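Starting from the known structure of chain U, fit chain W onto it as the hints suggest.
There are 2 protein chains.
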Amino acid sequence: MHALKVTRAEDFPEWYQAVVRDADLAELSPTRGCMIIKPWGYGIWERIQGELDRRIKAAGCENYYFPMMIPLSFIAKEAEHVDGFAKEMAVVTHHRLKAVDGTLKPDPDAELTEPLILRPTSETIIGDAFSRWIKSYRDLPLMLNQWANIVRWEMRTRMFLRTAEFLWQEGHTAHADKAEAISETMRALEMYRAFSEDFLALPVVAGEKPENERFPGAVSTFSIEAMMQDGKALQAGTSHYLGTHFAEAQNIRYQDKDGGMTLAHTTSWGVSTRLIGGVIMTHGDDDGLRTPPALAPRQVVIVPMLRGKPEDDDLKAYCASLAAELGALNVFGAPLRALVDVKDARPADKRWDWVRRGAPLICEIGPRDAAGGQVTFIKRNALREGEKVKSHTLSRADFVAQADVLLRGMQKELFNEAKARLDGNIRDGFANFADLERYFGEDKEGEFKGWARVHWAKPTGAALEEVGQRLKALKLTIRNAPLQQPASFGACIFTGASAVEEILIARSY
Amino acid sequence: MHALKVTRAEDFPEWYQAVVRDADLAELSPTRGCMIIKPWGYGIWERIQGELDRRIKAAGCENYYFPMMIPLSFIAKEAEHVDGFAKEMAVVTHHRLKAVDGTLKPDPDAELTEPLILRPTSETIIGDAFSRWIKSYRDLPLMLNQWANIVRWEMRTRMFLRTAEFLWQEGHTAHADKAEAISETMRALEMYRAFSEDFLALPVVAGEKPENERFPGAVSTFSIEAMMQDGKALQAGTSHYLGTHFAEAQNIRYQDKDGGMTLAHTTSWGVSTRLIGGVIMTHGDDDGLRTPPALAPRQVVIVPMLRGKPEDDDLKAYCASLAAELGALNVFGAPLRALVDVKDARPADKRWDWVRRGAPLICEIGPRDAAGGQVTFIKRNALREGEKVKSHTLSRADFVAQADVLLRGMQKELFNEAKARLDGNIRDGFANFADLERYFGEDKEGEFKGWARVHWAKPTGAALEEVGQRLKALKLTIRNAPLQQPASFGACIFTGASAVEEILIARSY
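Top to bottom, those sequences are chains U and W.
Sequential numbering from 1 applies to the first sequence in this note's numbering.
Sequential numbering from 1 applies to the second sequence in this note's numbering.
Isolated chain U, as found in the complex:
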């Protein structure tokens, strides 16, 4: 018996929904395709924001806030950009309601002269500001970031992974030349890799997207890709070198040292609440989420075994002083986050709530623990021995002394587990497309396949389109060409010609 009604093996998509619901992460809202992010989920997002914001600022970016509503004409400026986004735009057309025959309707007299679109991304409105702010080489580089809500109309939605509204961070930078802009693109990519691996315990492969998977308007797009427990890939973050495409469309020019007017080179990069979906599908188990300790809104949760008796007061006092002692510790560079759960509910129910949420250390303190100066606890990342929940007991002094080591150890264990899964499930040895077809063509619904690592001749244009179609028939896409490449290449699996690159191919979210 597990804490969730469905296991990963039985039905992975259903299991995912069960974790999202039962771990108090999010739920569907009455607004179609949008979610309500609940305290444990939002707490995780706050932790992501805090840590990533620190890293973004350390790189020299400053935070700004731009309007969410963008004049329609702005979107039309960059041709590829509008093609990429026009199909999923929410459009504001009126600024007032009016009761018509007792029913509220958009007031026909309050139609906007120019409709506004809700930002699907902010290159256009930020590029416009760049064109006003950048005058001389002294104004470069201009590096900014924004934390914001984003709207992309999606027909099929899945919580955290694909919703009409989501939360993200978008970095936008402008540079004097290509070399500096590419260096910034790679810096952001490496920042995301290190952040994912260190903080989310999410191992990823950083690499470049093929031409047909680029961000609309980009010269090159890089991504970090993580492997979920069903073997699919999740694009967890992207970094784009935009060349001078947006600079041309929006007239972002600066006076260089020789007095000439030169186009700036721009970049953009972002991660979103989608990361939370990646954390769930990487670290979750059949009892719910296992939140990496660095990321957990609460790292140690103390459940007093209250019984509605006079001794309860002593027990509560013991738990409160334990939490205070823990809160004075420093772990992962910040005060340890401990909580005593004194809610009016059965202790066993509270324990299982925290198991489902994935609080890293869950202490169940009874009168005997309090009297004996002990702490009985479970490690959420190694909850069971066989079928049984495994609990540990330490003296209170030892528990406090070891809390930091325990939490750091669990963070490492979660990473290692996921890293072994990623490394062990990238398959080589596909000599040609038929091999790939055989391997991916034969799977049953939901079978774990992992990723394929193959060599290709990096076709472009129509030839790449054809490759895309062949892969699509197998429900596959090219994830990226890893930054780490081998010294030599075999034959292209699509054409048999000499390959120039190694790429990862997988099913994906």
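All clues given are correct.
Note that the list lumps identical chains together, so a pair holds whenever it fits in one copy or between two copies.
With a straight-line Cα cutoff of 25 angstroms, these simulated SDA-like cross-link-like pairs (lysine to any residue) come out:
no., residue 1, residue 2
1, Lys87, Thr113
2, Lys343, Ala59
3, Lys98, Gly84
4, Lys412, Trp352
5, Lys57, Glu46
6, Lys458, Pro482
7, Lys105, Arg152
8, Lys87, Thr103
9, Lys98, Thr113
10, Lys98, Leu112
11, Lys390, Arg368
12, Lys87, Leu112
13, Lys87, Pro30
14, Lys77, Met261
15, Lys98, Pro108
16, Lys57, Arg21
17, Lys57, Pro335
18, Lys105, Arg32
If you are wondering where the hints come from, they were derived from the structure by calculation, not from laboratory data.
All of these numbers come straight from a predicted model, not from anything done at the bench.
Relative to the frame of chain U, chain W by itself:
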């Protein structure tokens, strides 16, 4: 000569715009009525968020995130609420664009069955969630908060004070009974008062709004009101007791201890980026903003007097080590925020940039300071002696040792200055409406008038409407009835009847 092109005395509204622009706080965007918040302004907002979030969580509220787009039918549920907001709603009607004769337009085939409105406030969508989440008395109180962007279509906009989109925090709570809900309403009000006074150095009067100034759908609305340097009032935060109005409209009921179904009592409370406007108009002077040290994104800014010579390196090293030493200090419960401004610009220009932004302590370090182990600095809140900028010099050791005391002292001085202005400009002694008319009726454009404190019989309905009209003719409104009331009352200035309450009347933003 001052650092701004216009002084407060010459033209207060123009001066305000100059501070917003020249202190790098915000600028108008190409989206009508919306602003771009720039680094110093957004940094101030981040500080507000950080400190207020801490206080909100300490009170037991948890953060959630609800959709920004709300189905139109939700808004219609509470009758007063829809009347209050229908005139200023941005309405999403389409979810796709289409090129028609080469021009992008909302695609007629992608019209939404039910339009969505952009949240002007979230009582309706949160109330709907309350109705699903609250089942038993054990689920109460339910206390949540959200940091979000808000859209209210405004015809006349002014940066930070009134824009189509702004950022805010909205608390929403549900309680078992009236007493508990009112207690929460008052807790939030007191939280805002203490936050404004301690953290923003913004003295306020907390009190209850008259019936005609209530939030649409509220039983009672409380506010904190601050006095700006032109004598006008700024509503800086509100807290509403909503009674069972929203609970009835949205069926928020719980099973009480006896098994019966009972309506919950709800509250809501919020502050917004408008607070930044209040800080500007309270603490700004003719040289720009004076940012209260607790709030300042940078508390000490060090400008090295670089001259493009080899000695520059020593100077930079001296400044960097000074900043590191300062950064190791704790002030207002957090590490001191110090910055060395090494931008490629003239030192004098950099100094004046920081004066306009209002960095509390601005150090100008030349080779002589570095050689002599000194720090030369200006205190932004007491920038000048006569017309001249006054600078101070301390040994480096003394400056570091005194930094905390200096910053705390400046915070206190800014508060005291504003508190003296508030206390000294609330006028009593208006025996009747004619007195009020005489005092406020005779002013010239922009003349400082302050507030009036008068007694009234607290009329309701049509009688209150009439009072409102009489005040409106003088461009006045009732701000609030302060929580601190006198022991006895004279005659109502509107009717001559026995008064029951003391109220504040003022021009306002």
